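Mind docking chains B and C on chain A? Use the hints.
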Amino acid sequence: MKNSIFDRFLPKENKFFLLLSEMAESISLESALMIECTKASTHQEAVDLYKKIKEKELECDVIQNKIFEELNISFITPFDREDINHLSSIMDNVADNVNSCAKRIMLYSPKYIPESATQLAQLVKDAADCITLAVGELDRLKKNPVKITEYCQRLKDIEHEADDVYEHFLIDLFENEKDAIEVIKLKDILHELEKATDMAETVGKIIKQIIVKYA
Amino acid sequence: MKNSIFDRFLPKENKFFLLLSEMAESISLESALMIECTKASTHQEAVDLYKKIKEKELECDVIQNKIFEELNISFITPFDREDINHLSSIMDNVADNVNSCAKRIMLYSPKYIPESATQLAQLVKDAADCITLAVGELDRLKKNPVKITEYCQRLKDIEHEADDVYEHFLIDLFENEKDAIEVIKLKDILHELEKATDMAETVGKIIKQIIVKYA
Amino acid sequence: MKNSIFDRFLPKENKFFLLLSEMAESISLESALMIECTKASTHQEAVDLYKKIKEKELECDVIQNKIFEELNISFITPFDREDINHLSSIMDNVADNVNSCAKRIMLYSPKYIPESATQLAQLVKDAADCITLAVGELDRLKKNPVKITEYCQRLKDIEHEADDVYEHFLIDLFENEKDAIEVIKLKDILHELEKATDMAETVGKIIKQIIVKYA
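Protein chains in written order, with our numbering: chain A, 59 to 273; chain B, 59 to 273; chain C, 59 to 273.
If we strip away everything but chain A, and leave its shape as in the complex, we get (with noise of 0.2 Å):
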């Protein structure tokens, strides 16, 4: 589709926020793939899972270096190079921790994935969900910016919830589990989905970054 005739006519304009919106979806799917490796019944189920969030992780990287090479041949580009740049680079960081989080499941072999994991991975995918719906503004963005500003907003709000269940995790692991092994290996499974929500609020951040210059 790259190529088809259709593409090299469609307006620069529109190819970034197409590639965006492609990455967006990438990240969706590759947490909805997440919620579901968290529920894994077995360990080699997980390492099946992993193999297909492992290449969501790669379809992101693909787009992100085309996003790059495209914003070095177009002459105009709706907002500053560095910032379409920036904002594929931060998404690209959410596809990382995600990939890390059931990566580390796959290596360390936990004796159980918590509740929580499930929870925070259906956090980041809400979170996935509303950057594709914020990314899905960008070209609507100097017109109305009051929508776009309530997606980064929730993007806010969802860093916070997911903050809430990795902390009550914790409460819950240092209760009851006694082995200390575990509890590290667990608490740094767990962090890469709250940090993967951390990522998505910094991208909210970029957007309004990018309401703000261009306001």
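Think of the hints as simulated: they come from the structure by calculation, not from any bench.
The reader is advised that the hints may include incorrect statements.
For chains that are exact copies, the list does not tell them apart, and a pair is met inside one copy or across any two.
Pairs of lysine-lysine residues, derived as DSS-like cross-links and limited to a Cα-Cα distance of at most 25 Å, are as follows [stated by the list, open to error]: (1) K161 / K109; (2) K169 / K97; (3) K214 / K109; (4) K205 / K124; (5) K124 / K214; (6) K253 / K97; (7) K263 / K161; (8) K200 / K263; (9) K200 / K271; (10) K124 / K201; (11) K263 / K253; (12) K253 / K161; (13) K214 / K263.
This one's a predicted model, so the numbers in the text were calculated from it and none came from an experiment.
Chains B and C alone, transformed into the frame defined by chain A:
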């Protein structure tokens, strides 16, 4: 006060400086409460102080949103809009880290709170006071950047002092606390204060970026 | 040398590239010392190497301050002032992380230093050499960004390799080290090197931002 007649006639330029100053003072008050919280003699006292710290953190959120809104309706700003927004966003992170520390004390109920926590909270307070002074110089920045550069250097020094305190706390902890879960808890709690000084140093870096831009 | 007649006539543009190159070389030397430090056969040897590493880190601080001062007195800079300042600031973070790692080895006195620490230090050294090459291309960036883009990609690859080494180190540690306090110590020590490669990747991202801006 926000809607007073006086306020309505205040030049836009001053508004941002006033809001940033208000925010810096909230962080300073928040970290003063944090010092008390590390000295709390009962868990209930720590919980009560956490509630007051949370209030200060919410104040910062409100001010940050107000800055964002003002940026979007102001034609003239003293610096580029995105610099003011970035500065307030990272100042908000300092407030978040302090709040996280107090929250973790409340949630984890560690067996004791080490003296180093008080020292770190004091350094965060010093950093917050230094940010207050630096922000107070922002309107003179273009005329005389010497003083404000010194404050930025001071924020870097405070961060190094905090690193030292945190590392020496860890040595003590590794030597004397045999309960690994307790080690993880205290490490996590004090780490938030160390991160608060990192963020305060980043505030200094952003101010240096502004100096460099307008030099 | 700084005040030589030669220096006074050197075009401003070259000065910044020279200072950034000096800084990259200091980081490279610092990480070469770090490799040795991970192989130290006695604690005293590690402490002596830490002192040399600290010197290199201080060199970077001095250069970074010099860049900042030069930016404030130069009318013409090869790129926007804030980009040069940002770049040097994150390069300084790489130096800080390496220094932190050595400091923690000195302070925590772990029972042994794993082979993976040497591998990670080697990757930091590779990254520092790559930054040296990339910085050396900065003055040709506008004519030919292909080579420098490859160095940025290499920094990303190194970060992924470091992730792998760090994660496999953790698996080994979880399986073989039954003393949880020792697990926490070693995890903390090696984490600083992993973070150094993260920062080196961020250096690559900033350079890519500069490429995008001036493409």
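Against the structure, the hints come out as follows:
1. K161 / K109: within (9 Å within a copy, 37 Å between copies)
2. K169 / K97: within (13 Å within a copy, 34 Å between copies)
3. K214 / K109: So K214 and K109 pass the 25 Å test across copies only (20 Å; inside, 30 Å).
4. K205 / K124: So K205 and K124 pass the 25 Å test across copies only (17 Å; inside, 28 Å).
5. K124 / K214: between (28 Å within a copy, 16 Å between copies)
6. K253 / K97: Result: close within a single copy only, 20 Å intra versus 30 Å inter.
7. K263 / K161: Between copies only: 24 Å across, 28 Å inside.
8. K200 / K263: within (17 Å within a copy, 27 Å between copies)
9. K200 / K271: both (10 Å within a copy, 21 Å between copies)
10. K124 / K201: Between copies only: 21 Å across chains, 28 Å inside a chain, cut-off 25 Å.
11. K263 / K253: This pair counts as both: shortest intra-copy Cα distance 15 Å, inter-copy 19 Å.
12. K253 / K161: both (15 Å within a copy, 18 Å between copies)
13. K214 / K263: The answer is both: 9 Å in one copy and 24 Å across copies each meet 25 Å.
Of the numbered hints listed earlier, not one is contradicted by the structure.
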